[in-house]
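Taken in order, these protein sequences are the chains called A and B. So for the first sequence, this note's numbering puts the first residue at 1; every next one is plus one. So for the second sequence, this note's numbering puts the first residue at 1; every next one is plus one.
Don't read these hints as lab results, they were simulated from the structure. A portion of the hints provided could be inaccurate.
What the hints assert, rightly or not - Straight-line Cα separation of at most 27 Å, DSS-like style, residue types lysine-lysine; simulated pairs:
1) B:32 - A:91
2) B:140 - B:41
3) A:5 - B:225
4) B:24 - A:91
Stated by the list, open to error - Covered, in the sense of this in silico footprint (three residues per stretch, anywhere, with C-beta under 8 Å from a C-beta of chain A), are these stretches of chain B:
5) 138–150
6) 161–169
7) 201–211
Note that CB positions come from ideal geometry on N, CA and C, so glycine has one too.
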Amino acid sequence: MSLDKPYLDVPGTTIFDADQSRKGYWLNQFCMSLMKAENRQRFLADQRAHLDQWPMTEAQKQAVLARDLNRCIAEGGNIYFLAKLGATHGKSFQQMAGSMTGMTEEEYRDMMVSGGRSVEGNRFLGEDGSAQPQRQPQGSAPKPGF
Amino acid sequence: MAKITASVYTSHVPAIGAALDLGKTHEPYWQKVFAGYEFSKQWMKDNKPDVIFLVFNDHATAFSLEMIPTFAIGTAAEYTPADEGWGPRPVPKVTGHPELASHIAQSVIQQDFDLTIVNRMDVDHGLTVPLSLMCGALDKDKDAWPCPVIPFAVNVVQYPVPSGRRCFNLGRAIRRAVESFDQPLNVHIWGTGGMSHQLQGPRAGLINADWDNRFLDRLITEPEKLADLPHIDYVREAGSEGIELVMWLIARGAMSDQPPTVKHRFYHVPASNTAVGHLILENNA
Numbered sequence: 001m002s003l004d005k006p007y008l009d010v011p012g013t014t015i016f017d018a019d020q021s022r023k024g025y026w027l028n029q030f031c032m033s034l035m036k037a038e039n040r041q042r043f044l045a046d047q048r049a050h051l052d053q054w055p056m057t058e059a060q061k062q063a064v065l066a067r068d069l070n071r072c073i074a075e076g077g078n079i080y081f082l083a084k085l086g087a088t089h090g091k092s093f094q095q096m097a098g099s100m101t102g103m104t105e106e107e108y109r110d111m112m113v114s115g116g117r118s119v120e121g122n123r124f125l126g127e128d129g130s131a132q133p134q135r136q137p138q139g140s141a142p143k144p145g146f
Numbered sequence: 001m002a003k004i005t006a007s008v009y010t011s012h013v014p015a016i017g018a019a020l021d022l023g024k025t026h027e028p029y030w031q032k033v034f035a036g037y038e039f040s041k042q043w044m045k046d047n048k049p050d051v052i053f054l055v056f057n058d059h060a061t062a063f064s065l066e067m068i069p070t071f072a073i074g075t076a077a078e079y080t081p082a083d084e085g086w087g088p089r090p091v092p093k094v095t096g097h098p099e100l101a102s103h104i105a106q107s108v109i110q111q112d113f114d115l116t117i118v119n120r121m122d123v124d125h126g127l128t129v130p131l132s133l134m135c136g137a138l139d140k141d142k143d144a145w146p147c148p149v150i151p152f153a154v155n156v157v158q159y160p161v162p163s164g165r166r167c168f169n170l171g172r173a174i175r176r177a178v179e180s181f182d183q184p185l186n187v188h189i190w191g192t193g194g195m196s197h198q199l200q201g202p203r204a205g206l207i208n209a210d211w212d213n214r215f216l217d218r219l220i221t222e223p224e225k226l227a228d229l230p231h232i233d234y235v236r237e238a239g240s241e242g243i244e245l246v247m248w249l250i251a252r253g254a255m256s257d258q259p260p261t262v263k264h265r266f267y268h269v270p271a272s273n274t275a276v277g278h279l280i281l282e283n284n285a
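Kindly generate the complete structure, drawing on both the sequences and the hints.
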């Protein structure tokens with residue numbers, strides 16, 4: 001019997017379950033290494049060389065180099081692990097979260113100050129809220145990633 | 001005999017810690033958040049507990065993917081604030097209460113909840129931000145938190161997280177455990193995390209104030225029914241990280257069966273990506 005996944009019809013959302021965790025194991029464990037200052041320095045000095053020390057897939061490495069958190073999550077990353085990557089690049093949680101929406105930092109911050117993203121139209125795939133696939137990207141950020 | 005006299009509920013947004021640590025508390029954006037905790041800081045001084053039992057979640061800090069305990073109780077004498085990637089927060093070390101923690105572990109495990117016992121654990125913003133909100137800014141070397149803390153970490157990172165029902169019943173087991181400890185300690189239990197927020201994907205930034213306020217209402221008046229809410233409702237209505245709210249049910253389950261007194265209630269949007277919710281409930285019996 002496969003895992004019961006009642007959450008697959010929530011738009012713009014990837015639940016970090018056992019399948020995602022298995023897929024992203026080394027990507028996430030690499031992120032854990034960035035909790036040490038010396039590893040952060042080593043990574044920033046030569047990102048590719050540092051990544052090559054980990055048994056990650058090429059797609060995972062490319063997503064990390066592109067600082068594209070949606071791609072990292074698709075490859076099995078979890079946001080609390082990926083936050084260490086953002087922190088290493090000097091980014092806040094708000095900058096990281098916003099980077100996954102296609103909005104600029106200012107656009108995302110304005111949305112939050114105005115009460116955040118509405119749940120209306122964003123509960124189920126097939127509705128027409130701002131998080132639905134047909135509405136991406138949502139803002140005027142020049143490129144994906146932070 | 002030890003007794004749980006009050007419970008505190010609060011979001012634990014990392015940016016709140018950063019605002020405190022970087023001296024941004026006077027900025028209008030953050031003033032609106034901290035204003036909601038002015039009452040709480042005074043209440044903490046007036047009602048200082050002997051021990052805080054602090055329910056929180058580890059954000060891939062002490063627990064990587066190598067080990068994922070569903071419920072982990074800290075029985076150590078001391079816990080160090082963690083480096084989550086931005087450097088450790090400049091706050092005092094957290095002193096534990098090994099005797100009470102070990103007693104609770106023994107009692108709760110014998111009530112059929114399989115806790116993981118942890119003697120070494122760095123604590124992240126999930127634990128230190130609620131302490132800062134309730135106790136104010138403290139110097140990491142010269143000051144100390146007002147009392148010992150028992151950290152209780154719940155897995156809400158990798159699905160499946162424990163159900164609301166399981167959390168509520170665990171709270172009841174913790175209540176019985178505390179009440180069977182033979183020292184006259186005044187214990188507060190805190191439930192942290194939430195409220196509505198989503199930190200990932202194109203749906204990042206989701207906030208559902210109506211749902212959050214209904215959750216606060218029901219947590220006060222009908223927690224047992226609220227505990228029946230399935231995971232998917234949290235995810236769909238309050239965002240993927242809104243699932244942290246199951247932790248509030250542990251604290252609520254540890255309270256008396258009699259209706260509590262609501263000492264304080266606060267709700268504000270936003271703090272960074274998140275809706276901030278906060279309650280202080282006191283036991284009457």
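Status of each hint after checking the structure:
Annotation: proposed proximity of residue 32 (chain B) to residue 91 (chain A) holds, straight-line Cα distance about 23 Å (limit 27 Å). For the hint linking residue 140 (chain B) to residue 41 (chain B), the alpha-carbon distance of about 18 Å falls within 27 Å, and the restraint holds. Of the pairs offered as hints, the one joining residue 5 (chain A) and residue 225 (chain B) holds, with about 24 Å between alpha carbons and a cut-off of 27 Å not exceeded. About 17 Å separates the Cα atoms of residue 24 (chain B) and residue 91 (chain A), which keeps this hinted pair within 27 Å; it holds.
Residues of the region 138–150 of chain B with a Cβ under 8 Å from some Cβ of chain A number 0, which does not satisfy the need for three, so the listed coverage is violated. With a cut-off of 8 Å between beta carbons, the region 161–169 of chain B has 0 residues touching chain A; three or more are needed, and the interface restraint is violated. Look at the region 201–211 of chain B against chain A: 10 of its residues bring a Cβ nearer than 8 Å to a Cβ of that chain, three or more, so the hint holds.
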